[in-house]
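**Student:** These are the residues of each chain, in order.
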Amino acid sequence: MSGLAVVEAREGALRKVAFEVVTAAKQASGMTGGGEVHALLIGGSNISASAPELGRYGADVVHIVEHPDLDRYSPEVYAATAAALIQAGSYRAALFCASAQGRDLAPRVAATLNVSLAADVVAFEFEGDAILARHPVYIGKAIATLRLTGTPALLSLRPSAITPVETPAAARVNRIEPAIAPRDARITVTDLSGRAAANLDLGEAPVVVSGGRGLKAAEHFRLVEELAAAFGNAAVGATRAVTDDGWRPATDQIGQTGRLVSPELYIAVGISGAVQHLAGMRTSRVIVAINRDRDAPIMKLADYAIVGDLFDIVPRLTEAVKQARADS
Amino acid sequence: MKIAVCIKRTPDTESRFAIAADGKSLDAAGLKYDISDFDGYALEVALRLNEQQGPGETVVVSAGPEGTQEILRKALSIGADRAIHLGCDTLPYDGMAVAAALSAELRGQEYDLILFGRNATDSGNATVGLMTAALLDLPCVSAVSWLEIKEGRGTAHRELEGVTETVGFGLPAVLTIDEGIARPRLPSLKGIMAAKKKPLETRPAALGEARLTVVAMELPPERTGGRIVGEGPDAVPELVRLLREEAKVL
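Chains as they are written, first to last, in the numbering used here: chain H, 43 to 370; chain U, 4 to 253.
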C-alpha cells in the first residue's frame with residue numbers, strides 16, 4: 043500500500059506531530075505488505091530543507107510545495123493541493139494530524155474528494171478492504187471502534203497517540219505547485235499573535251502543570267509557573283473556572299471545551315477534577331494531584347496524590363524537582 | 004442577516020454512561036439530551052448579530068430522530084425564529100453523510116452566514132461544518148473565538164495552539180464557533196410560550212452514504228489511581244522518588 047502523510051510545519055520548522063503522522067503512514071504501509079510512504083509538506087521559502095527530517099521517520103518521497111505566501115497555513119490552498127495530490131497519487135490512505143491545523147484541513151480534503159474521514163484517531167488497523175480505527179467519544183467517557191470503507195481512506199491522528207519511530211528512508215524530493223494560487227484564497231490570515239515560539243505548546247509538552255481554583259488568586263499562578271520552569275520541559279495549563287475568571291488566557295484551558303492533552307506527566311495543582319476538566323487530561327501517562335480534599339475526583343484518578351495545602355507543598359516540590367534534575 | 008445555525012442533539016456528558024446490549028452504542032436509559040455545547044454558542048452568536056445589526060432571521064437546522072424536535076423547540080424558546088428538522092431513524096456517525104443532508108437543505112437558500120459549533124460533544128469529530136462548507140463551496144473559518152461582521156465582510160479570530168490567528172473572509176460564509184465567544188442565554192418563560200407558535204418544519208434528511216460506522220463501543224479502562232503518597236510537604240521526597248524510580252518521568 044502506498045500512503046500519504048500530510049505533515050505540519052510552523053514558522054519554517056516541522057512540528058512533532060509531523061513525525062507522528064509519518065510514523066503512522068510507515069506503520070500502515072507495514073500492515074499492508076509494504077509500499078512507499080509519501081509525505082506532503084507545504085510551507086514558505088526554504089521549507090524543503092526539512093525534507094531529510096521526514097526521511098528519518100520513513101518517508102520515501104516528500105512532495106514539497108514551497109511558496110513565499112504559504113509560510114502560514116492557508117486552508118483553501120492546502121486543502122486543494124492535498125486533494126489534488128491524493129487523487130493523482132492513487133493512495134490507499136492519507137493521514138493527517140488532528141492538531142488545530144489538521145482538524146481544519148482534513149474535513150475539507152475529505153469533502154473535496156467525496157470520501158469519509160475517521161477523525162482524531164488514537165489507533166488503527168486494516169481489516170480486508172476496511173480500516174478499523176479507535177476514537178474516544180463522549181469527551182473520553184467511551185471509546186468507539188469505527189469501520190471506514192472507501193479509497194482513499196482519510197484518517198486524522200490525535201497528537202501524542204503515536205510515538206515517532208526512526209526508520210530511515212530516502213526522502214526523495216518532488217516539488218509540486220499549489221493547486222490554487224495563494225492570492226486566490228477566499229480566506230486570508232491578516233495577523234498572528236500569541237506566545238513566543240520558544241514556549242512549549244500544551245499539546246506537545248512532555249510535562250503539563252495545571253492550576254485550578256485552589257490557587258485562590260491569579261497572582262498565585264506564579265507557583266505553578268515556577269514548578270513548570272523547574273521541569274524545563276513543561277507547559278502551564280488551567281481549568282475552565284480559572285480561565286473564565288481571567289486568571290489565565292482562554293487558550294490555556296484544558297478540558298472538554300479547551301485543549302486535550304496527553305503528556306507523560308500531568309500535575310494538577312488545586313484542581314478538584316470536574317468531569318469537563320478530566321476529559322481534557324485523563325489519557326496522560328502519569329497523573330499527580332495536589333489537593334486539600336482527599337475525596338476530590340482528581341485524587342481518584344491520580345497515580346500519585348499528596349493531600350494538603352498546596353501553598354506549602356508546591357514550593358517544596360519545585361525545589362525537589364530542581365534538585366533532582368541537577369543530580370541527574 | 005439570514006443566518007442558519009446547525010445544531011445537534013447530544014447526551015449530557017454528566018450522565019452515567021453504560022454500553023447498550025448491541026455493544027456499539029450507549030444505553031439510552033437515564034441519558035438526558037440537550038443542544039450540543041458549542042452549538043449553543045453558535046446560536047448565541049447568531050442571535051446577537053441579528054439583534055445588533057437590524058432585521059434578520061435566525062433559522063435552526065438539525066438532523067436526527069424524532070427527539071431532535073425537542074432541542075429545536077428549545078432553540079426557538081431561546082430566540083431562533085424558525086426551525087427545520089431533517090428527520091431520520093438514526094443520525095449516521097459519518098460526517099460526510101450528515102454534511103450531504105445539511106448542504107442539500109441549505110443550498111440556494113441565500114443564507115449570509117451558516118454557523119456550527121466547533122465540534123459536537125458526543126463524537127468530538129469537528130468535521131460536519133467544514134465538510135458542509137466544502138460541499139456548498141463556501142469559505143469556512145473553523146474554531147472562531149471572536150467575530151465581527153461589517154459591510155458584507157467578516158473578521159474572525161481562531162486559536163491555533165497558543166497562537167491567535169486573525170482571518171478575513173467575505174460573505175456568505177460558514178463558521179464553526181468555539182466556546183467563550185459569547186455566553187449563551189437561557190430560555191425565558193416568555194420565550195418558551197412564544198416558541199410554541201414559531202414554525203417548525205420537518206422533512207426527510209437527504210443523507211449521504213455512510214462509509215464510516217461504529218462497530219463497537221466500550222468504556223475506557225479504569226485508571227488504577229487513587230494512591231495517596233502522603234500528607235503535606237513532607238510527602239514531597241517520596242513523590243519525587245516515585246516519579247523518578249517507578250514512573251520514570253523525572
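Since the hints were made in silico from the structure, they are not lab data. Mixed in with the good hints there might be a few duds.
[Unchecked claim] Capping the alpha-carbon separation at 30 Å, the derived lysine-lysine pairs in DSSO-like fashion look like this:
1. K183/H / K251/U
2. K153/U / K35/U
3. K342/H / K251/U
4. K5/U / K342/H
5. K251/U / K364/H
6. K58/H / K364/H
7. K251/U / K5/U
8. K251/U / K58/H
9. K153/U / K342/H
10. K364/H / K258/H
11. K183/H / K35/U
12. K199/U / K27/U
13. K35/U / K251/U
14. K201/U / K35/U
15. K258/H / K342/H
16. K193/U / K5/U
17. K199/U / K5/U
18. K58/H / K258/H
19. K342/H / K183/H
20. K35/U / K200/U
21. K183/H / K193/U
**Student:** List, from low to high, the hint numbers that the structure doesn't satisfy.
**Tutor:** When the structure is compared with the hints, numbers 2, 4, 7, 9, 12, 13, 18 and 21 turn out to be violated.
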